[in-house]
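So the protein lines, in turn, are chains A and B. The numbering of the first sequence is the numbering used here, which starts it at 1 and goes up by one. The numbering of the second sequence is the numbering used here, which starts it at 1 and goes up by one.
Careful, some of the hints might be misleading.
Over the 12 Å line for every Cβ pair with chain A, so calculated as not near, a few chain B residues [stated by the list, open to error]:
id, residue
1, G185
2, D268
3, D478
4, E534
Simulated coverage check for chain B against chain A, where a stretch passes if three residues somewhere in it have a Cβ under 8 Å from a Cβ of chain A [what the hints assert, rightly or not]:
id, stretch
5, 104–111
6, 116–127
7, 144–158
FYI, nobody ran anything at the bench for these hints, they're computed from the structure. Glycine included, C-beta positions come from ideal geometry on N, C-alpha and C.
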Amino acid sequence: MTEHNQLPLNADDNLSEGESQLFRLRLFVIGASPNSIRAITNLKNICEEYIKANYELEIIDVYQQPLIAEAEQIVALPLLIKKSPGTERKLIGDMSNTAKVLKGLGIYSES
Amino acid sequence: MTKFHKKQQLTTFDQLPKTPTGITGLDEITGGGLPKGRPTLICGEAGCGKTLMSLEFVIRGATEFNEPGVFMAFEEKADELAANVASLGFDLFKLQENKKLRLDHVHIDRSEIEETGEYDLEGLFIRLGYAIDSIGAKRVVLDTLENLFSGLSNQVILRAELKRLFNFLKNKGVTAIITGEKGEGASLTRQGLEEYVSDCVILLDHRVINQISTRRLRVVKYRGSQHGTNEYPFLIDEEGISVLPVTSLKLEKEVSSKRISSGIPSLDSMFGGKGFFQGSSILVSGTAGTGKTSIAASFANEVCSNKKKCLYFAFEESPKQILRNMKSINIDLQQHVDSGLLEFHASRPTLYGLEMHLVAIYKIIKRFKPSTVILDPITNLITVGSVSEVKSMLIRLIDFLQDEQVTVMFTALSLNTVVNEQTDEGVSSLVDAWLLVRDIESNGERNRGLYIMKSRGMSHSNQVREFTITDNGLNLVDVYLGPEGVLTGSAREAQKLKEKTGVALRDFAVSRKDKEILRKRMMLESKIASLQAEFESAEEELNKMYLEDELKQEIIEKNRQEITNIRRGNVDAPKSKAKTKK
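Chain A with its partners taken away, still in its complex shape (with noise of 0.2 Å):
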């Protein structure tokens, strides 16, 4: 279930500093419950469209792997955790608040 997606930076984003900067995205879901489909398709797109090329998505289903809801503080799903760049965030929810996803992710869009 892992996606891996690694392109160059594209000129045109719109990240606060020019430097190429890889996003390191990992989301937990479970199974295929409405509020993790949703989240997936919501952040792809979101991906796409401001770091398209730019990150590196892993999503992991956790009833899988129950393990590691505890190492990593897992308490509400869908959840993403950004690893890099900065400092680690979480976001919750089903990504529909574009806004707020990209303000946890530090992208800031001029909207």
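Take the given structure of chain A and dock chain B to it, following the hints.
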């Protein structure tokens, strides 16, 4: 009525299964423990012992009932928890290693989390489910679930998920404890958790009254089971939590007709020569300085001399002080302390609340298993509670002691101002035997008089005895009952002396009177003699007169004859012839 009764009995047979908590006293109140396979809510203010109680539930389950448990902490980290209970003698890490316990710290920080839409708490469920399955847990604690509300903002989701969580726990078949912080006003928890947990709710409370804090526990609700509804005090000490189910409503105690000596032979003789009943309660009341402690110490000494255990709760003096003071009246308690038969527990009454005292006493008695307990004095307890509170505490204490067949002696200070001889604590009606030591003041000195006000179930002396404290111990002396009333002390001695002189004086008086009588008799006798003599002389006189008269008559007659003879002329004629001629 009988039908109803039968029905009730039937339902009690079919009680809902329970999980014993292993917490002292809590199982008694709840009639066996928490509802098995259902969640229980423990709520209360901060610092009232919620976490400890729930943690103890899990630990006791793991160690005593072989029921592994999961402790999910929303507040404290695993090592913090372990450190907290290490002082109670529990090793959480070892239990974790042995797969008896699983600690899981759930960390939620609002600042770290961005909510981006719909979510659920499935992650928590998975964690919990995995933890339960990995060790086969039967017990689960969620401490404090309400932290979720501070970490996550979507109340609608949270409430729906909580409902799901409780269903999840029920489906898992685990006995769960959920703790919750007490809310504002009448609500039990801040987030209204009581709405979700409907089977059993326990409320903990931490109250400060008169600067003394007492923790209390109340079972607010227990669906499908009988339970104690009162507020019960509980204690957190080095052995964990103990709740005291202090009121046994039944009066169905075993009684003993064995008698035990009071340590004062003359006092025993007032109780028909045998002393108190074993397992009875004895009250010694009196004004200050009447020797109550001495009586108590003498009783303790006697008990220990018979190789029985005695517990001495001192609320006024320190043990060393008592030991020293009692030595002065030839009661050596030190030897019993050394041999382990006598144990002192001295504490200021204000150390903690009344209920805490009771719990502490209860615990010590359970551990030491004495045959006799002495509380000296109970009066001081009044400083930490009202009269009715002290009374109810003592009722429960006596109840408990009688259940355990422990003889108890209370001492109580009664004030001179109290008109009747009731003790302040009003326990005199509860006790089996009541000794009253009273000052008897007269002739500028104070003496002690001892009465037996009552003694259930045995004949006892109705007399007042003088109670003396000597270098050789305690003794009772018969008071002197003279015509002037009861005399004690030197007045008694004086009266005795007075009596002695009285006897001597009387003896003397008697002999004097005897002599007087003798003298009087002699006097009378002499008087009689003189009267007799007088009478004789009078008689003589009279006799003399008679004779004289006779002689006179004779002479007169003779003279007349002669005159007659002369007249006739025949002077020569013989007298006889003349007579015949005529």
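How the hints compare with the structure:
1. G185: Holds, because the least Cβ-Cβ distance between B:G185 and chain A comes to about 29 Å, which exceeds 12 Å.
2. D268: holds (71 Å)
3. D478: Given that every Cβ of chain A is farther than 12 Å from that of B:D478, nearest at about 83 Å, it holds.
4. E534: holds (146 Å)
5. 104–111: With 4 residues close enough to chain A, the hint holds.
6. 116–127: holds (count 11)
7. 144–158: holds (count 3)
In the structure shown, no violation is registered for any of the earlier numbered hints.
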